[in-house]
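*Asks:* Protein chains in written order, with numbering that gives the first Met the number 0: chain A, 0 to 1181; chain B, 0 to 220.
Quick caveat, the hints were computed from the structure, so don't treat them as lab data. By construction, the Cβ of each residue, glycine as well, lies at the ideal position given by its N, Cα and C atoms. Treat the hints loosely; a few may be bogus.
Stated by the list, open to error - Okay, the calculated beta carbon distance ranges per label pair:
id: 1; chain 1: B; residue 1: V49; chain 2: A; residue 2: R200; range: 53 to 63 Å
id: 2; chain 1: B; residue 1: V96; chain 2: A; residue 2: Q1142; range: 55 to 65 Å
id: 3; chain 1: B; residue 1: L102; chain 2: A; residue 2: L92; range: 17 to 27 Å
id: 4; chain 1: B; residue 1: P160; chain 2: A; residue 2: M181; range: 57 to 67 Å
id: 5; chain 1: B; residue 1: V49; chain 2: A; residue 2: T558; range: 41 to 51 Å
id: 6; chain 1: B; residue 1: P115; chain 2: A; residue 2: E516; range: 15 to 25 Å
These are the residues of each chain, in order.
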Amino acid sequence: MRGAIGPERASNGEEKGATMNPANYLRREVQTEAPQQEFPGFVHIYPGSGLAEPHDEDGSAAHWHRRQFLAYSLAGTAAASLASCRRPDQPILPYSAVPEDRLGHVVHGLPTFYATTQPRPFGSLPLLVESHDGRPTKIEGHPRHPATSGSTDAYAQAAILDLYSPDRVMSPRSCSVVERGMLRHWEDFDRFARSLAERLRSVQGQGFAVLTEQVPSPALRRIRDHLRQQWPQAQWYTYEPIDYAEVLRGTELAFGQPLVPTPDLEKIDCLLVLDSDCLGIEWDSLAQARRFARRRQGSPHHFNRLYVVESTWTLTGFMADHRLRLPASLIGGFLLALIRELSEALPQKLPIIPASLSASLRQTLPESARRWLGPLARDLLKHRGRCSVQVGYRQPAVVHALAHVLNSALDAASLWEFRPPPPEMLEAGLSALTEALQAGRIDTLVILGGNPVLNAPADLQFPAALRQAKTTIRIGLYYDQTSEVCHWHLPLAHFLEGWGDTESSDGTLCCIQPLIEPLQGFPTSPADQEAPARGGRTALEILALLTQFPHPRDGKPVTSYHSARTAAYELIRMVFASRAGLALDDPQLPLAFQRYKQLGFLPPEQDQQRRASVRPTLRPLSELQRALPSSLPAPPQRNALEVTFHPDYSLYDGRYLYNAWLQELPDPVTKLVWDNAALISPQTAQDFGLTPGDVIRLHHDRYRLEIPVFILPGQADNSIALHLGQCGEIRIAHIAGGGGTNVFPFRTSQARYILTQVRLEKTTRRATLVTTQEHGVIPQGRDIVREVDLSKLRSLASSAGHAAEGEDNTSPDHNSSFSAHHDSLLGLPPDGHLSEEDLRRGYQAGYGQVPPPPLPARDKQRRFPLDLARPERLDSPFQWGMVIDLSVCTGCSACILACQVENNIPVVGKYEVQRNREMHWLRIDRYFSSANGQVADAEPRVITQPLACVHCEQAPCEQVCPVNASVHSPEGLNLQVYNRCIGTRYCANACPYKARRFNWFDYNKRPLDSLRTPTPLTPEGSALTRPLLPEPLRMLKNPDVTVRMRGVMEKCTYCVQRLERAKYGAKIAATEVAQGRRTIPIDAHYRPDGPPSAYRKPQDPRSAGYDLDRWGRVIVPDGLVRTACQAVCPTQAITFGNLLDPQSAVTAAKLRAGEYALLGELNTKPRTSYLPRLRNPNPELT
Amino acid sequence: MPVIFRRSRDTQLRQGVVGIILGLGLGVFAWYYYALPSYTRVGYTPVQPVAFSHQLHVGQLGMDCTYCHQHVFHSPHATVPSAQVCMNCHNPRKANVKGNSPLLALIRESYETGKPVAWKRVHKLPEYAYFNHAVHVNKGVSCVSCHGLVNEMPIVRHDQPLSMGWCLQCHHAPEEHLRPVEQVTNPSWKPEGGKPRLDIGWEIKRQLQVQAPLHCQGCHR
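If we strip away everything but chain B, and leave its shape as in the complex, we get:
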């Protein structure tokens, strides 16, 4: 019989198969590492048009989340505040807290002309996911669980992946992330009396009958 394949093809075949398997494995690893929200979203820190620092306002000055984000306990969407809220303190004609600072020029311009400040949106779910913010906050999920320690952020960064798998982790076991509703906006809350966090979670879950949906109707319509 004539020789069809030369000898080196054997080695090449073996190396090729191993190479393809390793390549696929690498590809799968690369996908599950790089292409999921845990990589692409976490750490996203867009530069905002106005250098608003939560670290200063919340961490240092101690403002409550709901002073500015007024509708988080009522609205399906958590919105950013209007320029009017900023002007409560920074109006050069009224309270005048650094009212004429050049950093606040855009806010003043927005308040005078009515043109909205074009903040860069940090947290955004895809449009096929209908997320209701108010019901989470009212049931004991704190700001920190999803948005991270905002009181330590000079610029807001995307702290948690907010992927479906990540949401389902909590929906499977909400007791790991619940706290009393009054403490939801308190970034430095620690369970009082040294009780384990999980016990408090179970307690809140029972009291408020937290039934986080695990079926498609909960978020997709």
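Extracted from the complex, chain A is given alone in its bound form:
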């Protein structure tokens, strides 16, 4: 019957067709199933039975109509399939046996830190590398090393991308042994090396030569010594495109021996810098910058004064109190003029300037330079004994010698340290090698590192000379221009992949230890299974094999890779033992060596063979007198321009060419990305009728160069600056487009840094230069960067009633009369600085004030986190804040890269940057000062301002998000919840600082050349089912930070992953102590306000890892958690910490006079504030 439900009954009421006897149904068939969720009515459905027999309560079978059976079974199947609507099975893979070096202390999920060193010419950089599960993910500075005290620069931060670069690891050629264009195996090279060694032994090494970089390496020196001893006819050359040969010749001229001079900037009150980027990217610049910054922070009473004379902008020029732009060829003349000015006050100590030279100086130097001489000379004399003149490596040797003489005349010789140079700097150079090659004296040449085919001076014609050798072996990271010319290419292991040793700039012996086995070359396609043949070896291993170095253990010559590998390690141990003064069988050696590896360096006081500093004596003045030129060259003019060559701030000399992060890093001076340009001054551009982007042709002798032009206020007139490193259009991994102009063909060995008599010709072509300077511009007329003269600061501080620097500013009964001016929240004074009163009233979390008591334990939390009408209660014991000191920010951009590495920020490529879509969370804005606000002055000053999300307490972005993805945490952070964001971009619109970045495409997942292909039709397959980012780049990502996908907004998070890790660490440490699982010294006098808890206050919070605040709550001690940008800054411009801690550095910084909030008048109440750029000008010069 239609619609009947229930057992079909016969008209007489009996059940019809009841064939099943419930007793025949064994209920235990149901019970053997694992207990499932009970669904009423479906309990008896089990798969495969075919029959469903629901039983009523009394056990009688209900006879089901077929239609109902189908309906029920269908519903049941649907329910059962819904029950299988869960994620597919996933494996979880443990170790099979935990490796020995991890047992007991390496924990999955927590990173491990290893000390190593980045080898660099002239002085390596000590590092601490963070490693997750055996993969290095972040490079930090080594906080205990005497040379750098924990800073790194942009090159070190980006070095980790070189490790994982797909161009290196996934390219068959870069990561394999290549012989004459064909892929080979290491065994083929080993065989060749053995036969080569046999042949060379018979001829005493005749015809064998090695060309290396100038990276100091004691172990490599041992191999070199062995080579010289075993094969006396063999030669060893070193070459760097940027070297300090003129510096050494200058000291040789002045003192009679080549020495490396280093000033102690912390002791110098008045510094004159001539064409030197000593605070930027030159030798030892990290240590210099930090020492310099110590004299610019804190009390204004010991502020130093910096004069800079240079031809183009450098980071040192950014920091100058007075800057003179002068063509580089005239800087020597400037120093001579200064000496002439000082010769009356310092008789017999300075060389006499002959009259002809004097006259030539008067004619050559421009008015602006002559105006400087008097005040500068007087200032130097006033600071006699505490002043210094420093000359850069570009200037010829005689200028250096003159500076040394002047320094000693000004009684400043004690402020300088002179050290003998590392032997690598004294070897024969590339011109000697080229000459030997052309004479046919070299059969076999080994090129270790560097890229001489690209960056050799053009007049040497090195590639042609290279072809004269019978066999050339190139050992390098990438298959680059030099590899293409050489017969063999051997992949070099990255410094994070192998053992080695080196020296830092102060001569300390540093250890290079590997963090990962050499990456074997991931198969580029599933069919490519050739992986085992690839993978790099270290220089020590290769050279030990090539030269058949005697194995340190048994003295037998090394003939196989295995023995070469152990020999290299033992060699490092041997070098350490001799430097530490321990015999090889000394029982203390194993422990000492272990400590050396763990610490990463040998402390200088234990080093027996360190290059100690010397106190040289000046040679007689008459010698220097003879070296003076008779007249100066003519100044650069319109038809005889000057060209200067500079290392690039991103690529240095081209060694980081394939590093996408560095290519995309905006140049600190020009903000150019993926490009380089010729920098000219506005006046010169006007003379030639040039606009930015015009391509010019430079002529000198028989050399030509076509390069686009960039107009830079502050560039010297008639002087053009060229940046080395780029080499034309390149394609890095999957990033198309980008690449600048190769300027090496324009560089000759006679004029490697300063070239005169250059003609400029305008072409009709134009090039696209992409800069980020115009991105995120805060409209003109607002108070963005502040410069304060020191004298005015002192009066400002005293009139405001604030304590001048150096006095205690944080005592609670500090009576501020300044607060009388601030009586309303909204009507903030123009400087935006708040008194303590305002801080208590205005901000929910006052700086340094008494923290609010925590909620009593019995109270339920009645707060509704999503209540938009009620702002988030800032009741956490942590209130994070940050202060950026513009006085010491040099603009080096290391912070931008540190943020990029730490937070998995993708690279977008040149054309996306052109569309304002760069993804850097932190940007550095460069401002030129000007009097009229339109165009920069003729002699502009520069302030750089790092800007990221400032975490406003009343954030405009939080108020406009339609889905509440932008929220405020009780700790004061402005959070971005990626999984809630739907991509309206309203928050970026609302942000007045333009600090938010939007993922327009799947930058993190897709190759950048197929961003616009609709998913899933990318060439490599569906982007939905498998990640298309090359596997090595996936290894690089920080596992603690989300990798954002398309359509999601992101911004600075105050490194929330580090904050959380620090809080977990503190809580776990405190609980361990409370539970007795760990014993530490306890502060017995501590009594918390409020009810006591289980926690004990440690005597030394920093070593215990936690501290207790006055309420007894567990907090992180100040300085233990540092954001990525803060940790990496060479000058410590960024201070970050807990504002509720009255002793924290950030609280002290916030209460310093002059501190202001960016755009504070908008009442956003940002947590990141700035300290103004303080200047110490010479009153006579302004």
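Position chain B against the provided structure of chain A, taking the given hints into account.
*Replies:* Just chain B now, with coordinates in the frame of chain A:
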């Protein structure tokens, strides 16, 4: 006026509207019943490659959770133990507790070859949720609260939904789920002295200052 709609359309309209409303209601109910983790995750009992029984090892033999899961008090992730831990007892050459059993073939193979045993993962949070295991365990949240009575499971099953709402229930009122830290790994702990469980929870909350985060920063970064 001509008749546009025939009479039956009235009924059909009424029935249609009621039907749509009922359908939507059914859909909403079906979603909130079937599509949430409380349905899709609870009861998930994947068959593991090696038939390891917690009921035997923990319930019967009395092994402590942290004997095998060694890093739960330190690591953000609670991991499964390596084959080396199993071999502490089951190594046929050493302790030889049923060392040659065919059920342990995969463990022996893993220990010898270094290939990991491919266990099926039972508890997994989505990747945008950053959960720190160690801090929970150190603050008095026991294994049982989230993983259920593992000592009674022959095969590990997903006992609790582990959804955000479920986590927030405890974060709003942690005192309902806290116990002394020493008892965290004890599956059969009962409050001693007949004290109410809630009182003990309040006590632990005060002593250890348990401040379970309720804001997004706690778990989402």
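*Asks:* Could you tell me which of the numbered hints above are not met by this structure, giving the numbers in increasing order?
*Replies:* The structure conflicts with no hint, since it agrees with every one listed earlier.
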